[in-house]
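Student: If you read the protein sequences in the order shown, they are chains A and B.
Its first residue numbered 1, the first sequence is counted upward by one per residue in our numbering.
Its first residue numbered 1001, the second sequence is counted upward by one per residue in our numbering.
Please note that the accuracy of each hint is not assured.
[What the hints assert, rightly or not] Okay, the calculated beta carbon distance ranges per label pair:
1) Pro1069/B - Glu411/A: 27 to 37 Å
2) Ala1017/B - Pro129/A: 38 to 48 Å
3) Ser1387/B - Glu166/A: 27 to 37 Å
4) Leu1355/B - Pro528/A: 53 to 63 Å
5) Asp362/A - Ala1017/B: 35 to 45 Å
6) Glu389/A - Glu1389/B: 29 to 39 Å
7) Ser172/A - Leu1355/B: 35 to 45 Å
What the hints contain is simulated information worked out from the structure, not anything from laboratory work.
It should be emphasised that the depicted structure is a prediction, and the values quoted were computed from it without experimental measurement.
Every residue gets a Cβ at the ideal spot worked out from N, C-alpha and C, and that includes glycine.
Here's the letter readout for the chains.
2 protein chains.
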Amino acid sequence: MWIEGTLKLESNPEAYAYPLLIKRILESAPRYAPDQAIYMGKDKVCSYKELPSRVASLCDSLSKKGLKPSDRIGVMDWDSHRYLDLFFAVPCLGSVLHTINVRLSASQIVWTINHAQDRFLFVHPDFLPLIESSLDSLESVERVFVYGAQGERSNHPKLAYFEYEELIDSGSEKTVLADFDEDSVATLFYTTGTTGDPKAVYFTHRQLVLHTMALSQAIGCYDDNRIFSSNDVYMPLTPMFHVHAWGIPYVATLLGAKQVYPGRYEPSLILDLIESHQVTFSHCVPAILQMILNHPKSEKMDLGHWKVVIGGSAFSPGLAKAAMQKGIDAYSGYGMSETCPVLSLTHLSFEERELPLDEQVDIRVRAGVPIPFVDLGVVSSGDSNPSTESGASGEVVARTPWLTQNYYLNEEAGNRLWTDGWLHTGDVGEMDGSCLKITDRIKDVIKSGGEWISSVDLERRISRVDGVKDVAVVGVEDVKWGERPVVWYISETPNHDSILDALSKDVKEGTLSKWAIPEIVERVEEIPRTSVGKTDKKRIRQILLERGSQV
Amino acid sequence: MWIEGTLKLESNPEAYAYPLLIKRILESAPRYAPDQAIYMGKDKVCSYKELPSRVASLCDSLSKKGLKPSDRIGVMDWDSHRYLDLFFAVPCLGSVLHTINVRLSASQIVWTINHAQDRFLFVHPDFLPLIESSLDSLESVERVFVYGAQGERSNHPKLAYFEYEELIDSGSEKTVLADFDEDSVATLFYTTGTTGDPKAVYFTHRQLVLHTMALSQAIGCYDDNRIFSSNDVYMPLTPMFHVHAWGIPYVATLLGAKQVYPGRYEPSLILDLIESHQVTFSHCVPAILQMILNHPKSEKMDLGHWKVVIGGSAFSPGLAKAAMQKGIDAYSGYGMSETCPVLSLTHLSFEERELPLDEQVDIRVRAGVPIPFVDLGVVSSGDSNPSTESGASGEVVARTPWLTQNYYLNEEAGNRLWTDGWLHTGDVGEMDGSCLKITDRIKDVIKSGGEWISSVDLERRISRVDGVKDVAVVGVEDVKWGERPVVWYISETPNHDSILDALSKDVKEGTLSKWAIPEIVERVEEIPRTSVGKTDKKRIRQILLERGSQV
Chain A
1 MWIEGTLKLE SNPEAYAYPL LIKRILESAP RYAPDQAIYM GKDKVCSYKE
51 LPSRVASLCD SLSKKGLKPS DRIGVMDWDS HRYLDLFFAV PCLGSVLHTI
101 NVRLSASQIV WTINHAQDRF LFVHPDFLPL IESSLDSLES VERVFVYGAQ
151 GERSNHPKLA YFEYEELIDS GSEKTVLADF DEDSVATLFY TTGTTGDPKA
201 VYFTHRQLVL HTMALSQAIG CYDDNRIFSS NDVYMPLTPM FHVHAWGIPY
251 VATLLGAKQV YPGRYEPSLI LDLIESHQVT FSHCVPAILQ MILNHPKSEK
301 MDLGHWKVVI GGSAFSPGLA KAAMQKGIDA YSGYGMSETC PVLSLTHLSF
351 EERELPLDEQ VDIRVRAGVP IPFVDLGVVS SGDSNPSTES GASGEVVART
401 PWLTQNYYLN EEAGNRLWTD GWLHTGDVGE MDGSCLKITD RIKDVIKSGG
451 EWISSVDLER RISRVDGVKD VAVVGVEDVK WGERPVVWYI SETPNHDSIL
501 DALSKDVKEG TLSKWAIPEI VERVEEIPRT SVGKTDKKRI RQILLERGSQ
551 V
Chain B
1001 MWIEGTLKLE SNPEAYAYPL LIKRILESAP RYAPDQAIYM GKDKVCSYKE
1051 LPSRVASLCD SLSKKGLKPS DRIGVMDWDS HRYLDLFFAV PCLGSVLHTI
1101 NVRLSASQIV WTINHAQDRF LFVHPDFLPL IESSLDSLES VERVFVYGAQ
1151 GERSNHPKLA YFEYEELIDS GSEKTVLADF DEDSVATLFY TTGTTGDPKA
1201 VYFTHRQLVL HTMALSQAIG CYDDNRIFSS NDVYMPLTPM FHVHAWGIPY
1251 VATLLGAKQV YPGRYEPSLI LDLIESHQVT FSHCVPAILQ MILNHPKSEK
1301 MDLGHWKVVI GGSAFSPGLA KAAMQKGIDA YSGYGMSETC PVLSLTHLSF
1351 EERELPLDEQ VDIRVRAGVP IPFVDLGVVS SGDSNPSTES GASGEVVART
1401 PWLTQNYYLN EEAGNRLWTD GWLHTGDVGE MDGSCLKITD RIKDVIKSGG
1451 EWISSVDLER RISRVDGVKD VAVVGVEDVK WGERPVVWYI SETPNHDSIL
1501 DALSKDVKEG TLSKWAIPEI VERVEEIPRT SVGKTDKKRI RQILLERGSQ
1551 V
């Protein structure tokens, strides 16, 4: 309901309206923590006192290279201080940062660069071969800046090589960052659905500032549940191309926390960095946490000071328990590319932190409680009014100040995303008190004989079986029932029987429908992942289809 | 510098733009702290689970009484849960809350009600005599609602008596709070300058939401300096009519912290409430802190868990030391009616907390470090570019997302407030690192023989002299020197000589100019205060003028 007739008064002509611009995030840390620093691996890059000057210099250098407001700059890089600088400098010029998903296929990357109409690219040498071989297909790109003046060089006229620090040094640190409309687009990136071309979401300065403000407040101001605050040591383990590394680099900069960028993810290096910098806060998809826990080095390490927020895929109770047994303080975060991303986070009271491990795991693997300024509920099909009542279930819908307001140049997809004034997540969820549990992706729900079986629920149960290291459940076509579940799991020894025993026990106890017991339970070497580390159920279904699997 | 040409994209027609409205502040506490509660004195009023329904009911009741968007409602009340409810309900209807300064004279109160064109008044019975005697002068007021159905009643047709809880009960808790433009005015109130009529500042929904977000983050997310977070127990000791009690009731509600409202300030009751509720966080002007410390009851009390932010007037080192010797964790906040109000707060590092008391006092009495999203500097006269360099001094100017954009119906005063795109505070300050020290009000600077003497600096020095309980320094006209300082102090025994000795010592040590030594040092019974508890220097100058004081 929107009403008119409220009192609006004319501002004094000299009054400053203060647009919410990303440059403002840079202002606090030099006051509160001037000597705290940002590291690339083991090396110190700069202190917070120096960061605003570096960003100003970089802005000046980019301007001199011809970057103008509304230009798109594509970036292909690992998690680095360079990326952090560009998180600020590109939007501060009124330009748009296109964070390219480097895990896409070459043809998809080219497609996204052309669709975004990137004018410049900033490319880590690791991605140069890919870009070099595609240069003639990159229609809009005028120039590709390659970090690192070393190594063999192609002399294609679009390629320019430079040392990153020289780029900084060549600009004036006195450059004044301009003001402009806070609704200007700051970032843009592509999300790959299960069908069709990638779709681009985009976020404005206002949205990113508000996400930063609300998120920092959500994770710092509630005593029972302080996940990240100024004296933490932060290292992202979510790629910076993936929804701004969940927006946490902006939060860390606002807080003036020590930041450590790990470059390309190598489990051994990551563990070294956690140890040498005494990293206390990270976030990642379950697969990365699994990779770290599986690494022999981690066995001897004390990870008791490490807080980790898991998101991107369902956090299985098995993995959560393994992490907590290592002393890791593990949380879930829920959101998606379309939501900037954070919608909800695990919220544990002091009392809940005293519960036995298994009960804590149950709380910690849920999507969590909506953070401040997130309005979130579930809608049953056919209903347009979301419910927040405990026990309600349906598709999760949201309203917050930081949701993509459309897909870039894709009106049709935008119409599916936004219905009845709510962003539709495509996730099926259930409210338990104020806490959201995601039960499945709408498209991953297995429809069997009129019953709905949650693939995520089955995965959660199976992940708790001893020996199971990873698990994926998908629905495959079935002549009689419509669909039936197929289980893939990873384990050192076969666990077929113990999985079925565990599920049968749940059926006897009445917590699982008997229709959910799968006929096919397969031990596999590998579970396919998408470019951002999620279980690639589309690929699993495809493999099963090609193999002619029918239950 | 404002630039155009940035990328702005069209939103999907169904996308929800999420205006920043005050109603959103109510949403988090029921999720995070549903059972935490709000108290009026010793009595529990409601839990956070219940608060949104109470506000919705109140909105419905107010609508039924005819309140419409843009209507002004004037409130005359002590700090109470009723006031908190109205902080939300009136703006949530798109109406404007006029928080009437009940300490103004009757004629000034009438003037402000007429100037604001209040349509309704909500009045505590304590203020009924004043309103009753002025009813015929209140031109715009249609109806005066008086809390409390008891007592003698006048039968003036404009007066309506009711029990507050009945007002809540008569509305539907299912009332949906509407959306509207975030730039709609939410609150309005008057500030009394030293000359002329009171001037009204006003704040929009957007401004109050952003002030709440940034302030909660500033006081909760920086580990060295956590002043207020969710498990604190909050009791305001700044009147709610005075700049929204510094905006902290909104912060407390967002955090889901326990709130205790003290009603009319009675030192004995305040001390009882601090003890019985174990209050951990308050804010007040120096005079209230002084009043509490002077109360015999406080001598026996342990105040070691109490954090207090002092603002509104300069926090003297003497008072700060006395408070800290009682175990109170004392801070300064800086701001004014025009700034919503918070601009800066004491920021102490862990190391600084270990300093000897006197050195800590020096840090704690300064205006402090600008909070996030506050851009603040000092300008020398004739210069329009503010400086933030350490050592710079001049008039303090600011830009933040929460500054009044004008004075209501007073363009001329608005032009003095906003110059060169900066809000001019009228305070003279000096930067020391990132920390702001207020050296004086521009109008209170004493201009003596071409030298500027800071009255606030003199007060700080004199406050440290043993026995001095309170002090005020003003400039009086002097034929030879232009102006000369006069000192008024409160003490149980005369301290004239020790004051002059202390200042002479400072002159010898080179920290004070010899011109600053006052000729007149008077012990007085009382120092006049303004309606909001500040030292009333205008009144002191007037008394001295009437007495014919000339140095």
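Student: Run every hint past the structure and note whether it holds.
Tutor: Now for the hints, and whether the structure bears them out:
1. The supplied range of 27 to 37 Å is met by Pro1069/B and Glu411/A, whose beta-carbon atoms lie about 34 Å from each other.
2. At roughly 43 Å, the beta-carbon separation of Ala1017/B and Pro129/A lies within the given 38 to 48 Å, and the hint holds.
3. Checked against the hint of 27 to 37 Å, the pair Ser1387/B and Glu166/A passes, with Cβ atoms roughly 31 Å apart.
4. The given range of 53 to 63 Å is respected by Leu1355/B and Pro528/A, whose C-beta atoms sit roughly 59 Å from each other.
5. Separated by about 37 Å at the C-beta atoms, Asp362/A and Ala1017/B satisfy the suggested range of 35 to 45 Å.
6. Taking 29 to 39 Å as the suggested C-beta distance range, the pair Glu389/A and Glu1389/B does not conform, at roughly 56 Å.
7. Hint check: Ser172/A to Leu1355/B, Cβ distance near 39 Å, so the stated range 35 to 45 Å holds.
Figure legend: structure checked against the earlier numbered hints; the only hint not met is number 6.
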